[in-house]
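Protein sequence lines correspond, in order, to chains A, B and C.
Position one of the first sequence corresponds to residue 1 (the numbering used here), numbered consecutively onward.
Position one of the second sequence corresponds to residue 1001 (the numbering used here), numbered consecutively onward.
Position one of the third sequence corresponds to residue 2001 (the numbering used here), numbered consecutively onward.
The set of hints was computed from the structure by calculation and includes no laboratory data.
Incorrect hints may appear among the rest.
If the Cβ cut is set under 7 Å, some of the chain A residues that face chain C in the computed set are [what the hints assert, rightly or not]:
hint : residue
1    : A68
2    : V73
3    : P208
For lysine to aspartate or glutamate, the following EDC-like pairs were computed, each having C-alpha atoms within a straight-line distance of at most 16 Å [as the list claims (entries may be wrong)]:
hint : chain 1 : residue 1 : chain 2 : residue 2
4    : B       : K1041     : B       : D1029
5    : C       : K2002     : B       : D1029
6    : A       : K351      : A       : E331
7    : A       : K4        : A       : D157
8    : A       : K230      : A       : D134
9    : A       : K265      : A       : E239
10   : B       : K1010     : C       : E2013
11   : B       : K1067     : B       : D1044
12   : B       : K1010     : B       : D1044
13   : A       : K212      : C       : D2058
14   : C       : K2009     : A       : E207
15   : B       : K1034     : B       : E1064
16   : C       : K2189     : C       : E2037
17   : C       : K2202     : C       : E2085
18   : A       : K231      : A       : D150
19   : C       : K2009     : B       : D1029
20   : C       : K2003     : B       : E1064
21   : A       : K196      : A       : E207
22   : C       : K2003     : B       : D1007
23   : C       : K2186     : C       : D2058
24   : A       : K196      : A       : D157
Please read all numbers here as calculations on a predicted model, not as lab measurements.
Don't be surprised by glycine CBs; every beta carbon is placed ideally from N, CA and C.
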Amino acid sequence: MISKKVLITGNEAIAEGAISAGCEFYAGYPITPQNELTAYMSKHMPQKKRIFIQAESELAAINMVFGASAAGVRAMTSSSSPGISLKQEGISYIAGAELPAMIVNIMRGGPGLGNIMPSQADYFQATRGGGHGDYHCFVLAPAYVQEAYDLMFLGFDLADKYRNPVIILGDGILGQMMEPIVVKQHATRHTPHVKKPWALTGCLGREPNIAKSFYMREGDLERFNLKLQKKYQVIKAKEQRYEGLFLDDARVIIVAYGTMSRIAKSVVINLRTKGERIGLIRPIGLWPFPRDIFRHIARNSRRRKFLVIEMSYGQMLEDVQLSVEGKLPVEFLGRSGGGVPTEKEIIKAIKSAKS
Amino acid sequence: MAKIKIDREKCKGCLLCISSCQKGSITVDQHLNKRGVKPVKLKDNALCLGCMMCAIICPDCCIEVYK
Amino acid sequence: MKKIFSRPKSLREVSTHYCPGCGHGIAHRLIAEVVDELGIRERVIGVAPVGCAVIAYDYWNFDCSEAAHGRALAVATAIKRVRPENIVFTYQGDGDLAAIGTGETIHAANRGENLTVIFINNAIYGMTGGQMAPTTLLGQKTATTLEGRQANLQGYPLKISEMLALLPAVKYVERVCLSSAQEIMKTKKAIRQAFLNQMQNKGFSLVEILSPCPTYWGISPTQSLNWIRDVMSKEFPIGRLK
């Protein structure tokens, strides 16, 4: 495996990571601030003899992902907030048919057409279903361009392993920023990572396969839902991911993910040099939420506080509150509609949390 | 020589075969099948040409044709 | 005596849920016959609609996928692009293909995807209780046009096949019907052509089949076939459009 260092935007790093991870099919529709991702795929996928389609809408794109995934290949789409709203029906079908899929959301300000500034206001949409029915998507939240690249490998692996859709939750800052990263050289044609006996390949030598989410016979849908729930229980137990900083002695623990966590981290490190007992939990997986670490801290500490900071009016906040089980105080700082909490605002919030 | 075999339990009683038979060889069977429907039956093998029109028009694949 | 007509292998030996005299049963069988005769059962992947034929995959004996309502052509586009050696077809009703799915239909056609599309036009929405379809005729009474379809309120019956025939990347469009055994044989020929075109990489091929819905037309199965012959095919002319 040869690796090299490149200077690359978040959007393009995600695209490059997907290709290296063996993405065989991509369908997307232009929408700011993720257009560079689609453009990168349009150039590089055909070069690697993979399929690229600029679909007629985000809705068509997610349904194409359904088809490609049902046919047994690693399939992906990307969009930004309003386009992700369009995909919700399709994502529900993908979860209901137990198909793997990769969906990238480079979040922008909302609701409605909003603006093209970064945001984290799609947390609920990503982690609470978004589409209809009792299902969950994996949600992974990179904070660095290197991590955005790396999480594509993990994301596709999780999707295939659990036969589940995976959402990469980024934002406009991450998508547009440029950082040097290490990339792995990839083969022109990837070899299948995981056997997919359920895939639609033509029924030669076996009974026909059906890709479906429809169960009309008495009791069948409930039984199927119980199967999904069992899968989610396993995932919740095994796939929690976070980064923790200075948790041993922190009196105030900031909780932030994605781009917001970078700003929070620099405040934490800065205040640490001044002797402040501040820590940081940076969830990397948002579903399943890394509740165990919160539970552990809440059940085993006193006189500590959490300060949740988001580019929203309090969405991950609720997961922190649920995980803490009311045992420790949870405070909040947030801005939305394209606003980004500043270092000054964070320091002010920490001060008031400490009092 | 020709004949048809009708699966009377699969028959839904749509009667399309009756109108498609040029010889008028098919008729309604007065005995209900398990669906609670009066299926169709061939009046007489001698009347069958083996033209397959009834089998072609049957939406439920109830008819096999022999010649 | 030899058996000269029986159930094709690609049609499972089960009773369908379709109403007596419904056209789906005939169309399903014709597709199964063509698949068997062309020897492609093990290569075929069908994409089912949302509508009465939502469980078409329970009746055929080859790989199938569901699709969200109207999205069959997006699903099929992707399957064919990643598995070009498979034969991929969609089976869609008038709502699936020409209402909610219009965008996917036009763009799959415009891209010239090498697909076979079987379009079942029965001028009504059967599964949901007989509401107006894009292809419902003027004056036709349905659950949502109780006084009959009126042009000034609901527009005209949509000639989606004529529209698609205008697209340069569309290679074959034919309208057929199920109004008699002879017409059914012609329908089978068109279906066969549409599958052959894909096997020969000729491009987007669509067969529109005028099909009976006795239940929501409110007439007997035999009267339904006559209505297709006498009324519906005057509005939707039978023949090759491209």
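Here is what the structure says about each hint:
no., hint, verdict
1, A68, "4 Å, holds"
2, V73, "5 Å, holds"
3, P208, "5 Å, holds"
4, B/K1041 - B/D1029, "6 Å, holds"
5, C/K2002 - B/D1029, "26 Å, violated"
6, A/K351 - A/E331, "12 Å, holds"
7, A/K4 - A/D157, "23 Å, violated"
8, A/K230 - A/D134, "12 Å, holds"
9, A/K265 - A/E239, "24 Å, violated"
10, B/K1010 - C/E2013, "10 Å, holds"
11, B/K1067 - B/D1044, "15 Å, holds"
12, B/K1010 - B/D1044, "20 Å, violated"
13, A/K212 - C/D2058, "11 Å, holds"
14, C/K2009 - A/E207, "13 Å, holds"
15, B/K1034 - B/E1064, "20 Å, violated"
16, C/K2189 - C/E2037, "12 Å, holds"
17, C/K2202 - C/E2085, "14 Å, holds"
18, A/K231 - A/D150, "24 Å, violated"
19, C/K2009 - B/D1029, "29 Å, violated"
20, C/K2003 - B/E1064, "7 Å, holds"
21, A/K196 - A/E207, "14 Å, holds"
22, C/K2003 - B/D1007, "15 Å, holds"
23, C/K2186 - C/D2058, "26 Å, violated"
24, A/K196 - A/D157, "13 Å, holds"
Hints 5, 7, 9, 12, 15, 18, 19 and 23 from the earlier list are contradicted by this structure; the remaining hints agree with it.
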